[in-house]
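Novice: Chain residues, written in single-letter form:
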Amino acid sequence: MTDAISVMPEGITGDQLNDVTFSTAKGFARGGYDAQEVDTFLLRSATAVDRLNDRLTATEQQLQAATAEIQQLRDRIDKDSLTNHVQQAVSVLTTAQITADSTVAQADQYSARVMAEARDLYDDARRNSAILEQETEEKARAVFDDALHRVTDLEREGNERLAQITMTTAVAQQELDGQTVYLRTLRDATRVQMVTFLEGLLDHVSAEYGRANPMAADRAKATAKATLNGSVTVPTGTVTSVTNG
Amino acid sequence: MSDINTAALKENFAAVAEHGTDAVALYFYSYLFLRFPETRDMFPPGMTKQRDRLVGALARIVSNVDQVDELVPYVEDLGRDHRKFGTLSAHYPAVGEALLTTLRHFSGSAWTDSLAADWAAAYGIIAGAMSGAAEKASQTEPACWDAEIIGVDRRTFDIAVLTVRTDEPVPYVAGQSVSVEPTTTRAREWRWFTPANAPGGTDFELHARLVPGGAVSTALVRASRPGDKLRLGPPFGRMTLDQASERPLLMVAGSTGLAPMKAMIEQVARNGGRPTHLYFGARSVREVYDGTALAALDECHKWLTIVTAVSDDIRWTGRHGLIGDIAAADDDWSGHDVYVCGSPVMVEASVKQLLATGVQEAQIKFEEFGEA
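Sequence lines, in order, name chains W and E. When we follow this note's numbering, the leftmost residue of the first sequence carries the number 1, and every step to the right adds one. When we follow this note's numbering, the leftmost residue of the second sequence carries the number 246, and every step to the right adds one.
It should be emphasised that the hints constitute simulated quantities derived from the structure, not laboratory data. Every residue, glycine too, gets a C-beta built ideally from N, C-alpha and C. The reader is advised that the hints may include incorrect statements.
Covered stretches of chain E (in silico footprint by chain W; criterion: 3 or more residues with CB under 8 Å from a CB of chain W, positions within the stretch not fixed) [as the list claims (entries may be wrong)]:
#, stretch
1, 291-304
2, 455-462
3, 498-508
4, 556-562
Start from the sequences and build out the full structure, keeping to the hints where you can.
Specialist: Here it is, written out as structure tokens:
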């Protein structure tokens, strides 16, 4: 049993409403509740109902918000799991592609390295061979130049010798000419001496012989003179032929 | 792209690229192959180069996203070229999905619905232009041309002149390049080469120089044999003769950069001849790999003057030095149409030398041979 006045000021329950009792109104013989008590009770009840209604509305709003939030969360979870699957697949494919690329890149790099090495070798060989070729050419040129110099030298030497020889020949000729002149002079002088000697001898002989036989002596003297002149002419011809040779 | 926030796309792409372009490309291809496994067969086993290309193309598209004049021809060429890989219109949405997923993945919390919508719209326009160009090309030319190697002439250990025969003539213009796949020896790897003949026939010369570690050049120079199959992609390239011009020509070629010059000289001869100077440079005597053909050309055409120089070989009895320096020093070329082709280093040095002697930039067309 609840005394109306004792109802809790902040709220009211169904049981309290069922069990509520009011005091009998004063001044009335029978029946009738104390009006003030009833008014107070109604006021409290109205406040309690209003409060309950407010709370209900608030709770409903909370529920709606919570439901929406749950839906959002659920959507996000769904989407996340879907996106996650796609992401996983994409990342698997990406990894596979990177692996494939690196394999291909390795092969290409290997090929690039081999080719670069080959090119370097080739370039080295090319340069070396070019240098060798040039060196060979230079050497060949040097040998040629040397030979050319030698030939020139030899030619000059030959010319010099020829000039020398020519000169020597001229000197010899000159000497020979001198000797020839000398010999010729000697011959002529000798002939004159001999002729003079022989004429003297002849004169002496003829003087000796003439004293013995004057006629025969004159005849013999003429014959001897003719013979003497003829025999001396022969060496003159011999000397002339040497001069020409 | 007027209704697309291109500034946001550029900013987002820059932020994504900070994760490392290779990581981004790795994610892209992994996602693509996961979701659309049939696309894997279009690519070679090693994907390193492919990733560089993807990132390069994306970067170019994103940075030019505001300049439609630049962008449209580029993506149309990409679309036309992609037919050789077996790309179908059905593949474009797959790539789009992979691209957006990749961008979202690396954007993290910066990813927004409007960014997603802008990327999707931008990709739609690019893919539309690519597949449209592919569709248009499919009406006039095959996706690629089947070819066969009929002659292999290794001129040095790292330079080969291949004779290639196609089923039908490839409609290139002299000086243009085609991408080549050594189907027999290195399938699904494509690199650019320039036919060394004027177009029209089914046979042409291919000058290949070995790049150490280069997949295609190694296959072509060292491993190719007569009978090997090749596939050729559609021709591209702007280093071609100006048909309207009557100016004399100067061609400066380093090593196998000779190929486009030979093709253009043949074309000039067909057109009746024009005063032409060809400067050919090599490092060593042996690398003057096409001397016989050059001598024959010199003999044959009165309007053609050929100067060959060697930079590093004491055996060479002709002129010594870098070909760009020699050409630039020889004459005043300011009234010529100038063509330069060779290694990136050679092209850069030669162009610089020529510009320094008064040649105008607009006069010069040049092409570098890549690290194939």
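Novice: All hints are to be evaluated individually against the structure, with a verdict given for each.
Specialist: Do the hints match the structure? See the list:
1. 291-304: With 3 residues in contact (Cβ-Cβ under 8 Å with chain W), the coverage given for the stretch 291-304 of chain E holds.
2. 455-462: holds (count 5)
3. 498-508: Since three or more residues must qualify, the claim that chain W covers the stretch 498-508 of chain E is violated, with 0 doing so at under 8 Å.
4. 556-562: Satisfied; 3 residues make the cut.
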